[in-house]
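Using the sequences and the accompanying hints, generate a full structural model.
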Amino acid sequence: MNVYLLSLLVFSPLLGIVMVAIMPKKEERTIKQFGFFGTLPPLILSLFLFSQYYSGVALSSFDTKINWIRFGNLAMYDPKLFTVNFELGLDGLSLIFILLTTIVSSLAAMASIYIKQEWKGYYLLFLILEIGMLGVFTAENLILFFIFFEMTLIPTFFLIGRWGFLEKEKASYSFLIYNGIGSAVLLVAILILFARTGTTNIEALSQMMTMGGVSLFAPISGSMKYGLCLAFIIAFAIKLPVFPFHSWMVRVHAEAPPSIVMIHAGVLLKIGAYGIIRFGMGIFPEQYKSLAFIVVLFGVLSLLYGAFLALLQTDFKLVLAYSSVSHMGIVMMGLGALNESGIQGAIFQVISHGLIAALLFFLVGVLYERTGTTMLTKLGGLTKSMPIFSGLLLAGGMASLGLPGMSGFISEFMVFLGLFKSQPLFAAIGALGLVLTAVYMLRAVLMITFGKSNSLVEKEKHDLKGLEFVPTVVLLGLIISVGVYPNLLGGPLQETIDAMMLALGGR
Amino acid sequence: MDWNTMLSYNWGAMMPEFIILGTAMILSILDLFWPKHFNRRKLAWLALTGIILAFLSLISLFSFETVSILSDTFRLDSFAKAFKLILLFGAGLVILLAESYEPQEGLQEHRGEFYYLFLTALLGAMIMTSSGDMITLFVGLELLSLSSYILVGIRKHNRKSNEASMKYVINGGISTAITLFGMSYLYGVTGSVNLGEMSRTMAAMTDGQLQYIMGLAFFMVFVGLSFKIAAAPFHMWAPDVYEGAPTPVVAFLSVISKTAGFVIILRIFLSLFLTAPGDTFGALDFLEKNNIYIAFVAGLTIIIGNVIALRQQNLKRLFAFSSIAHAGYLLVAVATMGGGYFLMDTVWFYLLAYLLMNIGVFAVIQLLSSQSGSEDISILAGLGGRSPYLAIAFTVFILSLAGIPGTTGFIGKLNIFLGTFITEPGHYVLAGIMIAGTIVSYVYYFGLLVQVFFRPIHSDKVIKIRSGLSTVIIICLVGTILFGIVPNLALDFLHNQFGDFTDFISSE
Chain A
1 MNVYLLSLLV FSPLLGIVMV AIMPKKEERT IKQFGFFGTL PPLILSLFLF SQYYSGVALS
61 SFDTKINWIR FGNLAMYDPK LFTVNFELGL DGLSLIFILL TTIVSSLAAM ASIYIKQEWK
121 GYYLLFLILE IGMLGVFTAE NLILFFIFFE MTLIPTFFLI GRWGFLEKEK ASYSFLIYNG
181 IGSAVLLVAI LILFARTGTT NIEALSQMMT MGGVSLFAPI SGSMKYGLCL AFIIAFAIKL
241 PVFPFHSWMV RVHAEAPPSI VMIHAGVLLK IGAYGIIRFG MGIFPEQYKS LAFIVVLFGV
301 LSLLYGAFLA LLQTDFKLVL AYSSVSHMGI VMMGLGALNE SGIQGAIFQV ISHGLIAALL
361 FFLVGVLYER TGTTMLTKLG GLTKSMPIFS GLLLAGGMAS LGLPGMSGFI SEFMVFLGLF
421 KSQPLFAAIG ALGLVLTAVY MLRAVLMITF GKSNSLVEKE KHDLKGLEFV PTVVLLGLII
481 SVGVYPNLLG GPLQETIDAM MLALGGR
Chain B
1 MDWNTMLSYN WGAMMPEFII LGTAMILSIL DLFWPKHFNR RKLAWLALTG IILAFLSLIS
61 LFSFETVSIL SDTFRLDSFA KAFKLILLFG AGLVILLAES YEPQEGLQEH RGEFYYLFLT
121 ALLGAMIMTS SGDMITLFVG LELLSLSSYI LVGIRKHNRK SNEASMKYVI NGGISTAITL
181 FGMSYLYGVT GSVNLGEMSR TMAAMTDGQL QYIMGLAFFM VFVGLSFKIA AAPFHMWAPD
241 VYEGAPTPVV AFLSVISKTA GFVIILRIFL SLFLTAPGDT FGALDFLEKN NIYIAFVAGL
301 TIIIGNVIAL RQQNLKRLFA FSSIAHAGYL LVAVATMGGG YFLMDTVWFY LLAYLLMNIG
361 VFAVIQLLSS QSGSEDISIL AGLGGRSPYL AIAFTVFILS LAGIPGTTGF IGKLNIFLGT
421 FITEPGHYVL AGIMIAGTIV SYVYYFGLLV QVFFRPIHSD KVIKIRSGLS TVIIICLVGT
481 ILFGIVPNLA LDFLHNQFGD FTDFISSE
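From first to last, the protein sequence lines are chains A and B. Each residue of the first sequence is one higher than the last, beginning at 1 in my numbering. Each residue of the second sequence is one higher than the last, beginning at 1 in my numbering.
The hints are simulated quantities; they were obtained by calculation from the structure and are not laboratory data. Hints are not guaranteed to be accurate.
Straight-line C-alpha distance at most 25 Å; calculated DSS-like pairs for lysine-lysine [said to hold, decoys possible]:
#, chain 1, residue 1, chain 2, residue 2
1, B, K464, A, K26
2, A, K116, A, K32
3, B, K167, A, K120
Now the stretches of chain B that chain A is said to cover, found in silico as 3 or more residues with beta-carbon under 8 Å [to be verified]:
#, stretch
4, 339 to 346
5, 401 to 415
6, 429 to 441
7, 495 to 504
Every residue, glycine too, gets a C-beta built ideally from N, C-alpha and C.
The structure is reproduced here in structure tokens:
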């Protein structure tokens, strides 16, 4: 049973796909229900995995391995040479990311009630996207990772381009090209590794790169290792995104439908952080150590650049988009700190931003549904007509700026704790960004909730109702519980981080 | 040669060729004598039957050891078997396309010829895969070319078709002349036309003077054959010919003809130039020393194909440039020799992938353009709403052409990349051009998908699909996905049946 559990988890959205696919096009209600139910099996399975973990089952017992592709006719040298297996595996890090994926997906499926047309195509793509995301976090080799990675790309392209706002096609193209370039860099790095070593298994590769295993065809020189490490970092920095590769993500945040932005900001961007940790740090620890300086540098740049631009925006979606750039900068800073609290903080920040961004963009969807705009200048005084919404927005904003007791605080605190140890100068400069974060977030949130009442919103507005409470309450609950009891994440992560510190030479 | 030696040959090895030849003859006689009111469309099924029989007989030949008859002019080795599989499979699909072809004008009186000319062209391609001799190689090439010239111009009263045919004849004629000229040099330095014998003579040729002539011959043969596979800078004919030719013929040219072009390149280069010394010391072999030229053409082909495709509004022209780009990807594999480990299976698999996705795309184009009478990319508009299943099939083909994982095209590209990186130093520039070309190709491939899914419906006419056409689309769709997800079905089959293609040149 255990052996098939991960495959079952990854492909469980297929059930929903079949259910949606057999429905006639016009059955809006049923399709939406089925689409949501389609996200439940992975959610249940991932919660089951989490409970298994807490009851002490070793995560490695879920590993799956099936022979899949063999390239070339080289079996006479070594039957394993140039084989790619279908192998899925789990450790603390991926477990956390899978939980994030399944939770955010289910909530985003709920938020998709605002989708106005062609529900069938929407939910089909949505569920394919979920398969891709689950696969990315469980793949045990690079080729499989890449396949799932691209599997997230294509549905997202269509979801943005078909169901987005006014300039959706431009946004989807920009998404495609930037991510295409990112995955091209990634593919080249993966294939050089594959061609030179004959394997793509992550564990085998990190062993070969650190301890110097046998490479059969041509050696990987020292400088090439730096090149490959840098290629991984760049590929995932585009995905994350880090300044100066952020422009596509801003467009996507502004133009994609809010439910897709929930997925995008909540999970898809996080693949970038996951990739840097898994591949940059995991396979090339030595090289990563000497490149960490650059990682921190671009982290600080993104943090400040994002924060400054967020300060100037008049569209709430753009404020949130630049705030994402800025928060991803903090992730990079943590990853570059090279010590336990820095890396732990970075992972915490990834999860916490995933939850916060999902919450805020759900609220954006709610807001747009009622007022038809997200421009700060046109909104104002919503506390009167929508008090619950305003409260939640304020809570989300507070979480985003790192109020103690919420998840944002604990992660930023740990990142800076780590960074002050290793790069005090950068940490000091970066700390300025935190002040800016508070300024832009409060400015935006207060303009919407308080501010002077605007003609646009003077009419009676519905406050949150019914189902809309579920995503907000769940997300806010998670944000607060991580903030109050960080060990919820810290527990599963500890083992992975310990292994990583060992490879990085421990500090 | 007396009667007894003639009878002593193992003619069974040529069975697939005989079947195709026989079918073509029967078809031509039927076409000649049957009354005018008889619908010639039915002849397609006869042609298809012939191809299927040839395919089956080819499979029955798999158990044969390498056979060589007619003093090594005709060889049935692993290479021949493997590539004939692709040719026959592709030809079967193309005949089905041709059966369903209903142009607005100009095919009523020549439909009969249409079918048996496909078969003679196919016969030429098959002879090429099996040639152990330059004369048969050339005869095969010409049989293929001459049949294609007529096929391109078969819509006698269509101006574009005529223009295309004329351009094709002139360009093809020039390329043939150049190839032949190069071959004459090869004959001059080796004194033989048998590839095996030539290979042994050339391998011993360390004289710098002779190597110079060898180089000259290499260039001319390569230039001549680059015309055939439409590699830049000799690609100019392709867009015009593709635009003017009937759609099934375009599918034939872009798949079968291209496969045949790569077959002859591999036959000549691997037989002659792989073992020939590249300098007077024999330290480098000839291809190692000169693969930079192939690499240059490959890079240029990828860049030109992909960049010019960006601006195309006519679907057939667009796919002409796309097919030029794909020829570039394949040339990368030839230039790097697959890193020494991945040549034959890479080229074979890529051609298989290319066959499936390209014939699939042309099936959809044929369907839409014959209904609307236009070939502009706007005929795709709103296909997602008009016919979701057709749109999904088309999307899969396009994703495969773009090399997105989960499709056959991705695995094919993966193989090529492995070959470029495996050697030290790796061919990073070539790989870089290829990956950049792929990114550029996203723009126009996804531009088509934007038409299909994001644009409003172009016409409300219900799409009627003939059974032949839907069969083609389904086969291509299943193949594209199947070999993308479990490529080992094809790769293992290839390795188990043919190993490393060690019987490529005759050794006696």
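Could you check the structure against the hints above and give me the numbers of any it violates, in ascending order? 3
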